[in-house]
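Fit chain S to the given chain C structure using the hints.
These protein sequence lines are chains C and S, in that order.
The first sequence begins at 1 in my numbering and counts up one residue at a time.
The second sequence begins at 1001 in my numbering and counts up one residue at a time.
Just so you know, these hints were derived from the structure itself, not from any lab.
Please note that the accuracy of each hint is not assured.
[What the hints assert, rightly or not] Lysine to any residue pairs mimicking SDA-like chemistry, simulated, CA-CA at most 20 Å apart: (1) C:Lys93 <-> C:Pro46; (2) C:Lys52 <-> S:Ser1288; (3) C:Lys52 <-> S:Leu1254; (4) S:Lys1310 <-> S:Ser1288; (5) C:Lys52 <-> S:Thr1293; (6) C:Lys52 <-> S:Val1234; (7) C:Lys93 <-> C:Gly47; (8) C:Lys52 <-> S:Ile1261; (9) C:Lys52 <-> S:His1193; (10) S:Lys1310 <-> S:Asp1323.
[What the hints assert, rightly or not] Just so you have them, the derived chain S footprint on chain C, three or more residues with Cβ under 8 Å: (11) 51 to 65; (12) 71 to 81.
Quick reminder that beta carbons are idealized off the backbone N, C-alpha and C, glycines included.
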Amino acid sequence: MKLTLITLLSMVLLICSLGAFAVPQSPAPGQKPAKAVTSKAQKVDPGEQRFKQNCGRCHNPPDSLSPREVKAVLQHMRVRAMLTAEDEQLILKYLAP
Amino acid sequence: MPVVCEMSHVCERGTPTLAGLAKPIDHISTEEDYEMKRAGLALIGMLLAGSAACAQSDVPILSGALAFLGANNGGSPTYQPIIAPVLVAPLGDHFVVESRADVQGFIFRENGNTGPYNGIFAASLDYLQLDYIANPHLTVTVGRFLTPFNMYNERLSAVWITNLQQAPIIFTIGTRTSASSNGAMVRGVAIDHPNWTLTYTAYVSALTTTENLQAGRAAGGRAGLFLPHQGFEVGASYQRFLQSGDFNVSGMYLVWEPPQIPLDVRAEYAHSPGGQGYWLEGAYRLASSRDTTTWLSRVQAIARVQQYFKGNPTPEDLLPSADVNQFDVGLNYYLTHNIRLNGSYGRQYSSAGNANIWSFQITYRFLFPAWPGGHQ
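For reference, chain C alone in the conformation it holds in the complex (with noise of 0.2 Å):
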């Protein structure tokens, strides 16, 4: 029972301890100020951003793909992942625009 406590109160300030981290830090050459970054994100792609919520919880976006294999690959998450018809459609566009 002592173990676990500590474990899981370590597990508690490993998260918060990385969460501390995760403030905005300095642009790296050629980015864009943080201000610039946040009027981009307000006007984000839907099918990025459904990308974003669905994909990218378990993936890294892929590097390539062409439109036709696009199909197959969210035919595949379509039932994988569970997207909607929305989701489907908007991350078809967001990919192979």
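Coordinates of chain S only, in the frame set by chain C:
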């Protein structure tokens, strides 16, 4: 085969496969084997014929990963080269055939930590399924599919996705036999609201003892509530295992991925007559957002705690015979988009003996069209 059983607790993500091979076959039936193989061949034939017919519009893709895993569990070194190919073939707008195999070697020392190295080869079919996307709320699946219990098996067990190479201790609860089911499944999004979605899955599986295609007789389901704007999901699973005396298995899972910070928190709880337990994992990319543009943002720190409480496990449960507490810490580094390095250390506390668990893995993820010209 007993050596496989002995090794199954140290065989990282390959546990279900090797364990499946080691499982005693109680009801060997030549006719059943024949029927299963014939059904498999028919499905593959249908896939090829259908894919060729749709070749002009839908290109099948070949995806998956190559990996090499080295581990040391309590002083016993093991090495596993792994190939996990995934084939996806859309057949028009409503049908898709998808399949994943798992081919791996398992190299170990004859007496655990002494003696010459031995190797065994294991191949299994994780899934080969035909999906019919009936409407936005219903998909019907037949064939062999990953057992949808909680979320680890379906979403995180792939070698290129899992953060820590050792499967959770409670992984075999709800996925007993081979982590795959042979039968039928319905799934989909029951309610699609802009702020939340309710998903469901229900399935039945038949007992199959054919080598590499094992499955248990079971029925079950899962429901999940997803809040996309908060990146939060919670769900519950239930399974009735309809053999070995019939018993109930239940579980819950939780995922939280706040959009503002690159933190992933995942947890599962599972209960069966053989035992119960939970795991809680946090993974954090060393960046202020989820992009991977800087080298530091490609580093991911991971920590996991888990506890297992013994019930009345049988050998088929593949659960520890004593209570276990364990923590793991690890690092992932994405060398390029498709290559990932993992390293982890874990410490296991049990009345059966404490152990240090080290692992290292390199994984190459691939995806290309199944025939030439598809990438254009």
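Against the structure, the hints:
{"no.": "1", "hint": "C:Lys93 <-> C:Pro46", "in the structure": "holds (9 Å)"}
{"no.": "2", "hint": "C:Lys52 <-> S:Ser1288", "in the structure": "holds (15 Å)"}
{"no.": "3", "hint": "C:Lys52 <-> S:Leu1254", "in the structure": "holds (18 Å)"}
{"no.": "4", "hint": "S:Lys1310 <-> S:Ser1288", "in the structure": "violated (41 Å)"}
{"no.": "5", "hint": "C:Lys52 <-> S:Thr1293", "in the structure": "holds (16 Å)"}
{"no.": "6", "hint": "C:Lys52 <-> S:Val1234", "in the structure": "holds (18 Å)"}
{"no.": "7", "hint": "C:Lys93 <-> C:Gly47", "in the structure": "holds (7 Å)"}
{"no.": "8", "hint": "C:Lys52 <-> S:Ile1261", "in the structure": "holds (12 Å)"}
{"no.": "9", "hint": "C:Lys52 <-> S:His1193", "in the structure": "holds (18 Å)"}
{"no.": "10", "hint": "S:Lys1310 <-> S:Asp1323", "in the structure": "holds (5 Å)"}
{"no.": "11", "hint": "51 to 65", "in the structure": "holds (count 11)"}
{"no.": "12", "hint": "71 to 81", "in the structure": "holds (count 9)"}
Checked against the numbered hints above, the structure violates only hint 4.
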